[in-house]
Amino acid sequence: MGIYLSLLSQFVPPKPKFSVSDIPDLTGKVIIVTGASTGIGKETAKALLQHNAKVYVAARDQARSESAIQDLKTITGKEAVFLKLDLGNLGAVKVAAEEFLRYDFSTHEDVLPDNFLTARRLGWMFSLTMRQCNQLVTKGSLHSCGDLFISGVMFPSVSQLTSDGYDLQFGTNVLGRHYYFTKLLLPLLISTAKTSSDGKARIVTVSSSAHIMGSLKFETFKDTSARKKYSTFNLYSQSKFGNVVFASELDRRYRTEGIVSISLNPGNIRSDLQRHMGSIIRRVMYLGFYDIGHGALTHLYASTSPAAADLGGKYLVPWARIGPSHKDAHDPKVGQALWEWCEEQIKDV
Numbered sequence: 493m494g495i496y497l498s499l500l501s502q503f504v505p506p507k508p509k510f511s512v513s514d515i516p517d518l519t520g521k522v523i524i525v526t527g528a529s530t531g532i533g534k535e536t537a538k539a540l541l542q543h544n545a546k547v548y549v550a551a552r553d554q555a556r557s558e559s560a561i562q563d564l565k566t567i568t569g570k571e572a573v574f575l576k577l578d579l580g581n582l583g584a585v586k587v588a589a590e591e592f593l594r595y596d597f598s599t600h601e602d603v604l605p606d607n608f609l610t611a612r613r614l615g616w617m618f619s620l621t622m623r624q625c626n627q628l629v630t631k632g633s634l635h636s637c638g639d640l641f642i643s644g645v646m647f648p649s650v651s652q653l654t655s656d657g658y659d660l661q662f663g664t665n666v667l668g669r670h671y672y673f674t675k676l677l678l679p680l681l682i683s684t685a686k687t688s689s690d691g692k693a694r695i696v697t698v699s700s701s702a703h704i705m706g707s708l709k710f711e712t713f714k715d716t717s718a719r720k721k722y723s724t725f726n727l728y729s730q731s732k733f734g735n736v737v738f739a740s741e742l743d744r745r746y747r748t749e750g751i752v753s754i755s756l757n758p759g760n761i762r763s764d765l766q767r768h769m770g771s772i773i774r775r776v777m778y779l780g781f782y783d784i785g786h787g788a789l790t791h792l793y794a795s796t797s798p799a800a801a802d803l804g805g806k807y808l809v810p811w812a813r814i815g816p817s818h819k820d821a822h823d824p825k826v827g828q829a830l831w832e833w834c835e836e837q838i839k840d841v
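Our numbering puts the first residue of the sequence shown at 493, with every later residue one more than the last.
Misleading hints may appear alongside valid ones.
[Claimed, not checked] In silico EDC-like links for lysine to aspartate or glutamate, alpha-carbon gap of 20 angstroms or less:
1) Lys709 - Asp656
2) Lys509 - Asp783
3) Lys675 - Asp783
4) Lys720 - Asp656
5) Lys509 - Asp820
6) Lys806 - Glu749
7) Lys709 - Asp840
8) Lys709 - Glu836
9) Lys686 - Glu832
10) Lys675 - Asp656
11) Lys839 - Asp656
12) Lys570 - Glu558
13) Lys675 - Glu558
14) Lys709 - Glu571
15) Lys576 - Asp514
16) Lys709 - Asp690
17) Lys806 - Asp820
18) Lys675 - Glu835
19) Lys675 - Glu836
20) Lys586 - Asp820
Read the hints as simulated data drawn from the structure, not as lab findings.
Just need the whole structure built from these sequences, with the hints factored in.
Rendered as structure tokens:
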């Protein structure tokens with residue numbers, strides 16, 4: 493009963509105690525935001541630019557991204573940088589990360605005081621000290637790594653798959669974005685955490701209240717007859733459950749190395765995430781949904797607030813509160829099984 497009362501409070505959350513104005517100065521931070529060409533991702537990039545971060549807009553569509561970058565410059569007076577990223581293809585994930593690591597951060601004057609990484613339903617953010625990044629790559633402390641991205645997926649046709657043949661929602665929301673992209677950059681995060689001011693680096697995985705209805709059916713992760721029996725909502729809930737499982741397992745494996753892994757529900761937000769839904773259903777749902785400004789609050793809190801540095805393993809709910817999640821998503825056996833499955837999928841990429 494308690495979990496359902498919590499769901500109600502997530503649908504109609506109390507007034508937020510955290511706001512964009514509470515974000516600390518981010519001067520010197522290098523941040524990648526995936527899906528930042530529109531919606532919550534773009535709103536996130538705006539808030540980060542307004543607090544002096546250097547922002548990379550990572551997305552598939554270069555023209556749309558460059559248009560967003562121009563809009564953000566008009567609003568904030570600061571210019572983001574485009575990074576080609578497609579999460580629906582594991583090979584492209586690798587290429588994008590390698591491309592990012594080839595940037596010459598030594599040309600920047602600012603030095604980052606802290607480090608954090610954020611994975612979100614509509615995007616993913618990563619920051620490190622520019623001096624540290626340059627030193628790690630130059631010294632060979634970090635091997636080549638890569639990345640790929642498409643913005644978060646919700647309720648597409650069941651017939652849709654990733655280019656690698658995975659269910660579109662699980663392949664994008666879990667395997668491509670959160671697991672593989674994070675894994676490729678973990679050596680850098682761990683290294684930079686050791687020299688950050690608080691000895692930590694953050695990884696924030698954005699899930700959904702829908703994870704409560706989910707579980708992991710491994711036989712449905714690829715294009716199988718079992719998968720075809722699932723509805724698009726079932727597959728979405730499964731992917732969001734997988735997000736919490738991943739974040740919890742990441743916390744167990746790397747907390748002693750300075751990694752702070754947090755998962756969260758950003759809230760019911762009007763955004764492009766609902767693009768696959770029918771227009772009538774979308775209009776009805778929007779009556780109870782919140783604007784994208786609210787949608788960015790919880791993950792901005794998890795990523796930037798000093799108070800969130802001690803929330804590893806926690807699940808946050810709107811707006812920036814600790815909340816309950818599906819207990820099975822924190823089961824070490826479930827976490828190990830998902831981690832091992834993901835490892836098997838990327839071993840030959």
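Problem set entry | List of violated hint numbers, smallest to largest | Per hint list: 3, 5, 7, 9, 13, 14, 15, 16 and 20 violated.
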